[in-house]
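Residue numbers (our numbering), protein chains in the order written: chain S, 1 to 130; chain U, 131 to 488; chain F, 489 to 602.
Please note that the accuracy of each hint is not assured.
As the list claims (entries may be wrong) - Stretch by stretch, here's where chain F covers chain U in the computed footprint (C-beta under 8 Å, at least three residues):
#, segment
1, 179-193
2, 308-321
3, 390-397
To be verified - Residues of chain F clear of chain U, computed beta-carbon distances all greater than 10 Å:
#, residue
4, M494
5, K496
6, W501
7, S522
8, R523
9, C536
10, E554
11, I565
12, S578
13, K580
14, V590
15, G593
Claimed, not checked - Only pairs whose alpha carbons sit at most 25 Å apart, straight line, appear in this in silico PhoX-like list of lysine-lysine:
#, chain 1, residue 1, chain 2, residue 2
16, U, K282, F, K496
17, U, K307, F, K496
18, U, K180, S, K109
To be clear, the hints were calculated from the coordinates, so they are not data collected in a lab. Note that the structure is a prediction, hence the values are computed from the model and not measured. Here a beta-carbon is modelled for each residue, glycine too, at the ideal position from N, C-alpha and C.
Below, each chain spelled out in residue letters.
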Amino acid sequence: MTQEPNIEAITVDQLRDKVRVLREQGMRLVQISATRLPDEVELTYSFDLNDCLSNLRLVLPGEDTVLPSISEIFGCAILYENEIHDLFNVRVDGLTVDFKGNLYSTSVKYPFGSTKSPCATPEPAPAANP
Amino acid sequence: MSRTVIPFGPQHPVLPEPVHLDLVVEDEKVIEARPSIGFIHRGLEKLVEKKDYVEFVYVAERVCGICSFIHGQTYCQAIETIMDVKVPPRALYLRTVWGELSRIHSHLLWLGLMADAMGFESLFMHSWRVREKILNIIEATTGGRVIFGSCKIGGVRRDIEADAITRILKEIDEIEKDMRGITKVFLDDHSVKARLCGVGVLSKQDAYDLGCVGPMLRASGVSQDMRRLGYAAFSDIPVEPITRTEGDSYARCAVRCEELFQSVRIIRTALAKIPGGEIAIKVTGNPNGETITRTEQPRGEVIYHIKANATKNLQRFRVRTPTFANLPAMLSILPGCDLADVPVIVLTIDPCISCTER
Amino acid sequence: MSYFSMSKLALKWVFTTPATTSYPFEPRIEIDGSRGWLVFTDDDCVYCNVCAKKCPTGALQVIRAEKTVTLDRLSCITCGCCVEVCPKDSLKLSSGHGTPQVTKGRESYQRKEG
Chain S
1 MTQEPNIEAI TVDQLRDKVR VLREQGMRLV QISATRLPDE VELTYSFDLN
51 DCLSNLRLVL PGEDTVLPSI SEIFGCAILY ENEIHDLFNV RVDGLTVDFK
101 GNLYSTSVKY PFGSTKSPCA TPEPAPAANP
Chain U
131 MSRTVIPFGP QHPVLPEPVH LDLVVEDEKV IEARPSIGFI HRGLEKLVEK
181 KDYVEFVYVA ERVCGICSFI HGQTYCQAIE TIMDVKVPPR ALYLRTVWGE
231 LSRIHSHLLW LGLMADAMGF ESLFMHSWRV REKILNIIEA TTGGRVIFGS
281 CKIGGVRRDI EADAITRILK EIDEIEKDMR GITKVFLDDH SVKARLCGVG
331 VLSKQDAYDL GCVGPMLRAS GVSQDMRRLG YAAFSDIPVE PITRTEGDSY
381 ARCAVRCEEL FQSVRIIRTA LAKIPGGEIA IKVTGNPNGE TITRTEQPRG
431 EVIYHIKANA TKNLQRFRVR TPTFANLPAM LSILPGCDLA DVPVIVLTID
481 PCISCTER
Chain F
489 MSYFSMSKLA LKWVFTTPAT TSYPFEPRIE IDGSRGWLVF TDDDCVYCNV
539 CAKKCPTGAL QVIRAEKTVT LDRLSCITCG CCVEVCPKDS LKLSSGHGTP
589 QVTKGRESYQ RKEG
């Protein structure tokens, strides 16, 4: 079974250098995942070598911080970064292929934009005793 | 030489699910492909805010119709890792058996679609005829043909009794004979080879750099299979990844055909070694913590990132499905091929677009 | 490399009965244990409301005051949770399919007063 994920916390400025080092070690990019916390967006980058996962975690404070793209180092990151832009309203700088917000067309722009955003989800299931 | 832009999809006879490609074509040779996805984005990741973590198994299973069981199993495994639940060994073996049955039915479905993409309709029908027998076994043991509904947090919901096991083993023998007949046509026939050999070649270094997973990666020579991590009963049943070195569509077809027989061997081993005991353990309380779980779906490696904060709703549920990782590879092998090879190349990554877009 | 390797399989199936059943002219083969549709076995329900609480889609509802149980068939995913938790075993999943629905609505069941 899987062990506890080993997560290294980094800052936005260290991102590109760390990723370049991991690329030289021969790791492959597995996923980039974003979580909306009350005031910030937390990103987790997962890399794999020989079935062993290692993760980088960075936090984007505030709405205006720009995330540097790693698509020049790992070409397959374009899909993940475009998705994060479309769902979380995070500005990504330096994408090699930029869909400009058209990867997913949702009825509400940036559905995970903020915790108080209205979402177009249907009414919750009716209560058991009407 | 003037260029034309030909739209491919989202409605196309060979596509199982809607994806759109704008193919820039110069005199029947494809120069560039521009993808456009997002037709069936359902927003399942946002549903964690509404459904509690016990009911969410049903949502996780419905991310995809073809690989639905392993989605449910991975979700249950992730929650069990967070809550530190020890699942009884009989449940682990049952999950393995259903997972491998799911893999066989998914590969047979893909073989049928590939034959259909080449125009070989009768082979398509025969592959799906054999698949019906697998679906009958699944329906008799879990109750549903496509959405199994048999995984729950802490174990499984239904058991397979001893006489059902004998029946399943007998039917698997007949199914294996049928599958040998079909895979012989796929691997030896002259017209199939003419369509598949040399089409969509992906080198080993490119496959690794682009982040491919699953049979796409194994057909280019990289030996990687998440079942080696030892989840479910795979710690007792070792699995050797099946690899090929050519990296073209024929190699991917051959890898999937051989995986069919590997799955049959795994099912026989698991049903012979299955221990007795209970099938589920009661789970109470709320999960609190974070985990990243990986399993091997028919299409490749699926990774679940789940965060929980001690309430009954999860904080974050993130799925990275194998087709999402294989899409950049598809876009890199399309340039340079003939227009008639585009359906074969699109199908060779085994696209499951409903998984990709959740 | 072989030519016409499909011919053996194709020839065999010329002389075998087809694998498809020509439903609805022949009956459909029902498989035991399949989760077809929800059936109420009456007279045992005590309106404890546990089934409605466990239902993941909210298809099942219990109105205790009127002694009625209502079910929205189009929302029911036949997961079987209600069958597992009912303390009086008054719900059952039977194989086979129910009748097709042409309107949206809820079916209701009342215990026969005897």
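Structure versus earlier hints, numbers of those that do not hold, lowest first:
Violated hints (numbers, rising): 3, 4, 5, 6, 7, 8, 11 and 16; every other hint is consistent with the structure.
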